[in-house]
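Chemist: Residues per chain are reported as follows:
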Amino acid sequence: MTMKNNELETKNELQEKSLFDKTVGRRSFLQYAGAGAAGIALVAAGCKKDRNFDTSVMGGATLDFKNDTGVLNYAYALEQLEAAFYVKVASAPPSSFTAAQKAYFQDIQFHEIAHRELFKAALTTSAIGSLEVDFSSIDFTNATSVLSTAMAFEDLGVAAYNGAGPRLKDGNFLLLAGKIVSVEARHAAYVRDLVSNGSFADLNSLASLGANNSAGLDAALTPDKVLAVASKYIKTKINVINL
Amino acid sequence: MNIVNILEEIEKVDGEVYERLNPRRAAMKSFFNMGKKISLAAMPLALGSMFQKAYGQTTLPSGVVDVLNFALALEYLEYHFYNHTIVGITKKNQDGTTNNNVTDVTFTFPNAASQAAITTIRDHEKAHVDLLVGALGSSARTPIAYADTDFRAGGTFQTVYSDYNTFLAVAQGFEDTGVRAYKGQAANLMATPGVLQTALQIHSVEARHASHIRQMRTAAGSTVYKPWVSLGASGQANDSGVAAVDAVYAGEDLTVQAGANIVGIGSFSGVTKAVAVESFDEPLSKASVVTIANLFLQPGKKLS
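Protein chains in written order, with this note's numbering: chain S, 706 to 948; chain B, 18 to 321.
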C-alpha cells in the first residue's frame, strides 16, 4: 500500500473544504478557528508512510478513504456502533420506558442491524472486522442516559452520512447512503422529541455538528471529526488513511 | 482553483470586491486568508450565492440549475402550505376579536407545541427557499405565490384548512415526498460536491420534519403512525392511511438493497418485511414528484 506524499497537505485542504462547505458567516468562521485539534490523534495514525495497515498486524480497523470502499467501511463502522447500542437497549430497556418506547427502540435496533448487515454483505471480503465497543459511560438502566446517548448517536450518524456523501464516486452508493441517512434523521427526530418535545430539528443545537439554522441546514461533519466523537465508544483502534 | 487568487484578481479590476461581498472588509480578508485551494465545483450554495449577490452571475452547470429549481418549487409549496396556517391563525387571534381579514383557516392548533412545531418547519422551508433563490441568482425560477397554489387539491383535501387531522395528513405527504425528491436528485449533483453537500443537509431536515409530523398525527388521533415509513395496515406501500396519497409512497415497500434481500439478512429473523421497508427510504423520480406537486398548483402554474 502506498500513501500519497502530500497527504498532510491533502488533509489540510479537506479541512478547508469543510470550512467552505458551511454557510459562510463570521460566526461559523470563528467557531472553526477555535475548533482546534479534535480528532488529530485518530488521523495521525494515517500519517506514517510506508506501513502496511493490515488489520491483523495492527490489531485494529483501517478506514482507507482513497475510494468508496473506505467510505462504505466507515458507514459500516458507525452502523456497528449504533446496532450494538440498540441491541443492548432493546434487550433490557430502562424500566421507565413506555410500551411504545420499547417497541420503537426495538424497531430502531432492527433498522440498525439491517444497515450493518447490508454493509457487511455489500463489502464482502473488503469489510473491516467487528468492532469492540465501550459503553462503560452509559447507564443502560437510566432512561436519561439511554436517550441522550441515542440522540448523540443519531445526530452524529446524520452528520456522518451528510458529510461523507460527496466523497462517494459511485452514484449507486450515494443513493444507498441517502436511503439510510433519512431513516437516521427520522430516528434522531423521534429520540429528540422524547428528550424534549419540539426539538426534532433544533438546528441551533446541532451547530457544533455543522448544522446551520438560518439556512435550514442539518448537520454535516468530515469523517475525522465524526470518529473523534465516536472513539469514546469504540475500543478497537481505528486507523484512518487517505482522508 | 485558488479562491484567494480569484478574489485578488477581481480586486485588481474592482477594488471594492470585498465590500460587495461583505461590508466587513477585515472579516472577509481574514476569512479568505484561510483559503488555499478550492474548486468552483466544490463551492457550496452559500458561497455561490455570495458571488451572485455581488455580481449577478451564475457559475452552476445547467443540469444543477434544473435540479435546484425543481427543489425550489417544492420548497415554495411547502412554505406556503405551512405559512398559510400560521398567518391565518395569527390574524385571527392577534387582538382577541373576530377579525374581518379573509382567512379560510378555521382549525385551531390543539396546543402551543403543535403551532410552534409547524412554525419551526415553516421557517426551515422559508430558509430553504431563500438559500436556493440566492444560489440560483438570475437563474431562479419564477416565484410561486400562495395564490398559485391549491392545497385543497381540487377538492381531494377539501378540509385541509378546516380539519387539523387533514392538514397533518397532507403535511406528512409533503414531507415524505420532499425526502424522496431530494434523494432522487442526489446523483445529479455529484459534479458539484458543495451543492450536493447542501442538498443532503436539506434532505435530512425534511426527514426530521416528516418524523415529527407523523408523531403529531399520532398525538392528534387514535391511529399510530410510526416516525419512519412502514408498511400500511394491509401490507401496502402507503402507510399514511390516506389512499389519495398512494403516489407519495409508491415503491417505498422495496425490500432488496444493493442486490441483497434485507428480509432476514444475516440470519436475523427480527428483520421482517416491515423492518426491511422501514430501514431504507426510497427515492422518487422527478416526473413522479412533479405529478404529486401539480395536484397542489393552480392551472397555468403547474410544473413541467
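A portion of the hints provided could be inaccurate.
[Claimed, not checked] Here are the simulated DSSO-like cross-link-like pairs (lysine-lysine), alpha carbons at most 30 Å apart as the crow flies:
{"id": "1", "chain 1": "S", "residue 1": "LYS874", "chain 2": "S", "residue 2": "LYS771"}
{"id": "2", "chain 1": "B", "residue 1": "LYS303", "chain 2": "B", "residue 2": "LYS290"}
{"id": "3", "chain 1": "S", "residue 1": "LYS793", "chain 2": "S", "residue 2": "LYS884"}
{"id": "4", "chain 1": "S", "residue 1": "LYS793", "chain 2": "S", "residue 2": "LYS942"}
{"id": "5", "chain 1": "B", "residue 1": "LYS290", "chain 2": "S", "residue 2": "LYS940"}
{"id": "6", "chain 1": "S", "residue 1": "LYS884", "chain 2": "S", "residue 2": "LYS937"}
{"id": "7", "chain 1": "S", "residue 1": "LYS771", "chain 2": "S", "residue 2": "LYS793"}
{"id": "8", "chain 1": "S", "residue 1": "LYS940", "chain 2": "S", "residue 2": "LYS793"}
{"id": "9", "chain 1": "S", "residue 1": "LYS884", "chain 2": "B", "residue 2": "LYS243"}
{"id": "10", "chain 1": "S", "residue 1": "LYS793", "chain 2": "B", "residue 2": "LYS290"}
{"id": "11", "chain 1": "S", "residue 1": "LYS940", "chain 2": "S", "residue 2": "LYS807"}
{"id": "12", "chain 1": "S", "residue 1": "LYS884", "chain 2": "B", "residue 2": "LYS290"}
{"id": "13", "chain 1": "B", "residue 1": "LYS290", "chain 2": "S", "residue 2": "LYS825"}
{"id": "14", "chain 1": "B", "residue 1": "LYS303", "chain 2": "S", "residue 2": "LYS884"}
{"id": "15", "chain 1": "S", "residue 1": "LYS874", "chain 2": "B", "residue 2": "LYS303"}
{"id": "16", "chain 1": "S", "residue 1": "LYS807", "chain 2": "B", "residue 2": "LYS319"}
{"id": "17", "chain 1": "B", "residue 1": "LYS290", "chain 2": "S", "residue 2": "LYS807"}
{"id": "18", "chain 1": "S", "residue 1": "LYS884", "chain 2": "B", "residue 2": "LYS319"}
{"id": "19", "chain 1": "S", "residue 1": "LYS771", "chain 2": "S", "residue 2": "LYS942"}
{"id": "20", "chain 1": "S", "residue 1": "LYS825", "chain 2": "S", "residue 2": "LYS937"}
{"id": "21", "chain 1": "B", "residue 1": "LYS243", "chain 2": "S", "residue 2": "LYS825"}
{"id": "22", "chain 1": "S", "residue 1": "LYS793", "chain 2": "B", "residue 2": "LYS243"}
{"id": "23", "chain 1": "S", "residue 1": "LYS884", "chain 2": "S", "residue 2": "LYS874"}
{"id": "24", "chain 1": "S", "residue 1": "LYS793", "chain 2": "S", "residue 2": "LYS937"}
No lab work stands behind these hints, which were simulated from the structure alone.
Chemist: So which of the earlier hints does this model not fit?
Modeler: 5, 7 and 16
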